[in-house]
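J.: Can you build the whole structure from these sequences, using the hints too?
Just so you know, the protein sequences line up as chains S and D, in that order. In the working numbering, each residue's number is its place in the first sequence (first place is 1) plus 214. In the working numbering, each residue's number is its place in the second sequence (first place is 1) plus 214.
Among the clues, some could well be false.
No distinction is drawn between identical chains; accordingly, a pair holds when it is met within one copy or between any pair of copies.
Said to hold, decoys possible - Calculated cross-link-like contacts (lysine-lysine; reagent style DSS-like; alpha-carbon spacing at most 27 Å):
#: 1; residue 1: Lys-526; residue 2: Lys-780
#: 2; residue 1: Lys-746; residue 2: Lys-703
#: 3; residue 1: Lys-242; residue 2: Lys-460
#: 4; residue 1: Lys-526; residue 2: Lys-746
#: 5; residue 1: Lys-460; residue 2: Lys-703
#: 6; residue 1: Lys-451; residue 2: Lys-550
#: 7; residue 1: Lys-592; residue 2: Lys-629
Quick caveat, the hints were computed from the structure, so don't treat them as lab data.
There are 2 protein chains.
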Amino acid sequence: MKIFLAQQNYIIGDFEHNLSKIKEATNKAIEQGGDLIVFSELSICGYPPRDFLEFNDFINRCESAIEELLPLSKNIGIIVGVPERNPQVEGKDLFNSGLLLHEGEIKGSARKTLLPTYDIFDEYRYFEPAFDWKCIDFKGLKLAITICEDIWNLNTGSENMIYNPLYRTTPMDELMKEQPDLMINLSASPFDYTHAEDRMAMVKANVAKYKIPMLYCNGVGSQTEVIFDGGSLVFDKNANLIEEGKYFEEDLIEVNLTKDGGFTETIKQSSHDLPSEELTPPNYEPNLNIDRIYHALVMGIRDYFNKLGFKKATLGASGGVDSALTQALAVAALGKENVHAILMPSQFSSDHSVSDAEQLSINLGNKYDTIAIEPIYKSFMAQLEPHFKDLAFNVAEENIQARSRGNLLMAMANKFGYILLNTSNKSELAVGYGTLYGDMAGGISVIGDIYKMQAYKLCEYINDQAGKEIIPLNIITKAPSAELRPDQKDSDSLPDYLDLDTILYQYIELRKGPKEIIALGYDETLVNRILKMVNRNEYKRNQFCPIIRVSFKSFGVGRRLPIVGKYLS
Amino acid sequence: MKIFLAQQNYIIGDFEHNLSKIKEATNKAIEQGGDLIVFSELSICGYPPRDFLEFNDFINRCESAIEELLPLSKNIGIIVGVPERNPQVEGKDLFNSGLLLHEGEIKGSARKTLLPTYDIFDEYRYFEPAFDWKCIDFKGLKLAITICEDIWNLNTGSENMIYNPLYRTTPMDELMKEQPDLMINLSASPFDYTHAEDRMAMVKANVAKYKIPMLYCNGVGSQTEVIFDGGSLVFDKNANLIEEGKYFEEDLIEVNLTKDGGFTETIKQSSHDLPSEELTPPNYEPNLNIDRIYHALVMGIRDYFNKLGFKKATLGASGGVDSALTQALAVAALGKENVHAILMPSQFSSDHSVSDAEQLSINLGNKYDTIAIEPIYKSFMAQLEPHFKDLAFNVAEENIQARSRGNLLMAMANKFGYILLNTSNKSELAVGYGTLYGDMAGGISVIGDIYKMQAYKLCEYINDQAGKEIIPLNIITKAPSAELRPDQKDSDSLPDYLDLDTILYQYIELRKGPKEIIALGYDETLVNRILKMVNRNEYKRNQFCPIIRVSFKSFGVGRRLPIVGKYLS
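T.: Shown next as C-alpha cells:
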C-alpha cells in the first residue's frame, strides 16, 4: 500500500489557500498511484484557529471545504484534520477530528481525546474530548487514528511512565482492543529547541509498546509566534525509523507498506535520536541547538511577512548585538533588498555604535539610513521645560529618546509599507529593561525568546556559517549599553548576563521559586531583586508584540500572569 | 446557627494582605457568636492567579496561609477557597477547592468539578476536575459545598435545560444523594452588565430544584481587567431571597439559619430579579444598565491604582467625548486632586477642542496643562524630510502627531509617577481607528469595552447624576473628530456610529457571521468592510493595554484570535 504524508504550511482561516495545497498534494499522490494520503492536525483551517472556532460561520466554511474535497477521494483515501460538530446536546460544540474521506464519502472520524491546555494550548476551550474509540477500516486495514497529544500519555505502568501523567486516558490502549494494523497520528506539534528528540522518543515509544507501524504527520510553518518545524515520521512495527520529513520545510513523504507491517524503504538513522534522559536541559546552556534556533527564527520572520502580504522590514540599528542579530536574521529571511536599517544616534551614542552599525549593513548589503534624534529630543525637552523645570535627568528623559526612535521607525514603516522588527531580547524583556512604545515597539519580536548569551552564540553561528565576519566582531565583544545617558552600561543596572540569564531560566523555564534558586548558590538579594523585576514588569510584556517562540517557555501567549498582583514583587 | 458570608477584595498573590482580611472578618464573626464563616473562591491567593499556580513555591505559600489560619478555627467553622494539591499521580497537579477548617483542623475539602475554559477563564489549564463528591459534616448539618461554575450546569431535564449544556456532570445532583441540609457555593463570578440577573436566576433555580437553603458567597473588587461585583446571596429552602450582598463593595453578611431550613431574617425583594428570557439583550442597546457600567468602571480604575500602589493619573484631554468620559470617571475613582489632564493641541485642532477640554477640567476641578505638539511634529518632519521628500501627507504624518502626544504623556507619567489612562473606546479599537504607541498608549484602558454610543450615554448619565453640566454639552453634541488633518471627521472614514456599533456587537458579542448580519438588513459591502477591519486590526489590539471588562465579550484576555490569519480579511 502506497501512503503519502503531506507536511504543509497552512494559513489560518484561508480555506481557499489551504484547500488548494491539500488538493495539489492529493493530485500528486493520485498521479503516483497512492492509496492513502495523510495531512496534519486541523489542516483544513490551519492550526491554531483560536476563537475563530467560536464562529458558526467559520465551522460552516470548514464543512464546505470538506464537501469540496470529497470528489477527489474517489480513488484515494484522504485523512485530513478539521473541527467537527458534536452531534450531542451535552458537551462542547466541537471535536478536533481526523476524517477519512474515500470513495467520495466520509468513511469515519477519529476525535481527539487528550486536549492540551498548557503553555500556548487552549484546546479545552473549544473541543469536547472523545469518550469512545473506534478504528476505521480502509482497504482491508484497520487504522488507529489519533490526533497529536493523544499519543503523548503513554501509560506504560506507574513504574516507568516516562511523561508527565496529565491525563487519565491513553487512547491508543483503547484502540488496540480492535487489533489495528497501523497507527496514524495527525499533529500540529510546536517547535522548541529541545523538542525534536522528545517527539522522536515519544513516537518511537508508542511503536515499541503497540508493535504496529506508525505514520506521524506534523504541520510545518510559523503561525505568528508559534513555529511548526515538520519532521514527520514513519516507523515500522519493529520501531525502525523509515522516513523522517524535512525540518522547517514542506515535504511530501512516500512510503510503501508491506503486508507484514514492514516497508519497502530502507531503515534510517535520525540525527534527533537521543536517550530521553537527555531531553530537557536541567540548566541554562546558551550554546544548545543554536542551529535549530537560527532556522526557526528565519522561518518565523519569513512566514510572518508572507502570510500578512508584506515584503519589507525596517529596524533600528544601534550597533549593539541584539539589533545586529535581528538584522542578520531579517536579511536571511527576506533578502538584503527588503531590509532597511535606520541608525538613530543621539548625543549619548558612541562613535563605534554608528560605525559598527554601518559596517554591519555594508557586510549584509542592505539599505541603511541615519536620522539623528537630538533635534527631536530637544524639541520635546523645550515643550516639557515649563513642567519638568529643574528636576534631575532620569528615566523620563531616557524614555523620551527611546520613544522618539520608536516614532521615527514607525513613521518610516507607515510611509513605506514596512513592518518594524523588534530587537528586544528575552533577558531585557524579563527584567523590564526596555521602553514601552520605544525600543519595545514593533510588529513582531524576532529575538524576544533568546536570552542575551544565546544572542551572542547566534551571532557567532552566523559568522561561522558564513566563514567571514558578517556581524562585526566589535559588536560581539564590546560591553552592552543602551546609550541613553552619558557612559551608560547595562552592567550599571543589571547583573552579569550569564548570572542573569541563568537565574531567569530557573524562574521562567523551570518555574523554580526563590528558595530553590538561592539553593543553587546564587546570592539571595540578587535572586529576590531579579524575580521582583520579572513580576513587576508583566505590564510591559502585556503590551509587547508577538514573540517568535523557540524555547519551551516563552513570554507571550504561553505564559499568562496577573498584571496586578503581589507575588514576589 | 449563625453564619457569615465575607464578600472581600483580595490582591492576587499577596498572602499577607488576603490572610489579614480573612482573619479580620473571622474575628468579627467570632465576636458576634458566629458558628460558620464562608469566603469566596480562591480567597487565600486571590482570583484569578493564572500561571502563578504553576509555581510550587506559590502553592507552598497557599498551604502556609491555611496553616496560619487553622488556630482561628477552634471555635468557628471557616470555609475558604484555595488551590489544593492533587494527591494522585494521574491528572493535573491541583484542585480548585473549598476547605472547611474547624477545631483547628482541616475537616473536609470540596473540589470544583466544572472548570470553565470560555472567555476569560482558563481553569482546565491548572486544575483537575473532581470525579467524586461528598458532603461535609458540620455541627450536625450536612454541607453540600460547591465552587462557582459547579452550580451553572443545572440539569433540569432535556426539555427545559435553561443554560448552555457545556458539561456532562451536575455536581449538586451527586451531592444530593447524601441529602444535605445546606448548599454553600464559593464564587468568583465576574461582572458584566447583563450578568447579575443571570446569577440571581441561576442561584434561585438551584434552590428551586434541590429545596434546601443556599449560601452563595461571591468575591468583589477588580483584578486588572476583570471586575467582581459582589452581590452574594442567601436563599431559604423555599427559594425566598433572605440576603443580598452589596454591589461593588465589600460586605459581611450575617444570617441565622433555623432548624427547618428557614432563616430568622425577613424575606427580601431583589432589584436584579428578572425572568430569564430577558437576560441577554439580543440587540445592541446603548442605554442598558449604564448605572452598573459606571460603577464597574470607577471600581476598575480605583482598584487598579490601589493594588499597584499608585495614586495619580494623567490622560490626554482632546475635547472629545472619549477623553472627557475617561477624565470624569478618573476623578470619580481617584479624586480631582489626583488627576492631571494634558491638552496637546496641534495646528489641526479646532478652537472648541481646547476650550471644551479646559471647561471640562474646570468643571471637574482637576489640574490641567497645555503642551503644544506643533514644534515637536515639525522637528520630526525636518528629520524625515530627506526620506519622505515630496511624498503626500498620509497616515504616517497623522501617526507622528498621535505618537508625539503618546511620548509627552508618558514623559509626564514617568517624571511624576502617574499612570497614563488610555481613552480609546471599543468601536475604534474594533476597527483599528487609533495609533499604536500614540492614542493607544496607557497603563489601563478605561472605556475600551464601551462602544461609542454607550460613551455618550455614560456622559449623559454623569451629568444627570450631578444635576448639572459636568461634561460640557458641546463635547456631547459636536461631530467626533481625531483632528489629525484639516477638517477631519470620524464620519469621513467610518460609518454612522449607531450602525457601526450595532454591526460590531453582532460580530463581537453575538459572534454572528457576515451572512447572518447582512440578513438583519445591513448593506453587504458595509458589513464585509467592517468585519475585515476588525480582523485586520487584531495586531493592534494584541499590543493594547488591559481593558476594564464590562460586557460579556470584551477585547483582551477573553477574546483570543490569530494575528496572522485570513478569515474575513
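J.: Indicate, hint by hint, whether the structure satisfies it.
T.: Evaluation of the provided hints:
Only between protomers do Lys-526 and Lys-780 lie at most 27 Å apart by alpha-carbon distance; the minimum there is 20 Å, versus 42 Å within a single protomer. With identical chains, the CA atoms of Lys-746 and Lys-703 are at most 27 Å apart within one copy only, with a shortest distance of 21 Å there and 46 Å across copies. In this assembly of identical chains, the alpha carbons of Lys-242 and Lys-460 lie at most 27 Å apart only when taken from the same copy (18 Å versus 68 Å across copies). Taking the closest pair of Cα atoms, Lys-526 and Lys-746 come within 27 Å of each other only across two copies (23 Å); inside a single copy the shortest separation is 38 Å, beyond that limit.
For the identical chains of this complex, Lys-460 and Lys-703 are neighbours neither inside a copy (43 Å) nor across copies (54 Å), given an alpha-carbon limit of 27 Å. With identical chains, the CA atoms of Lys-451 and Lys-550 are never at most 27 Å apart, being 48 Å at best within one copy and 75 Å at best between copies. For the homomeric pair Lys-592 and Lys-629, the shortest alpha-carbon distances inside one copy (24 Å) and between copies (16 Å) are both at most 27 Å.
Consistency note: the structure conflicts with the earlier hints numbered 5, 6.
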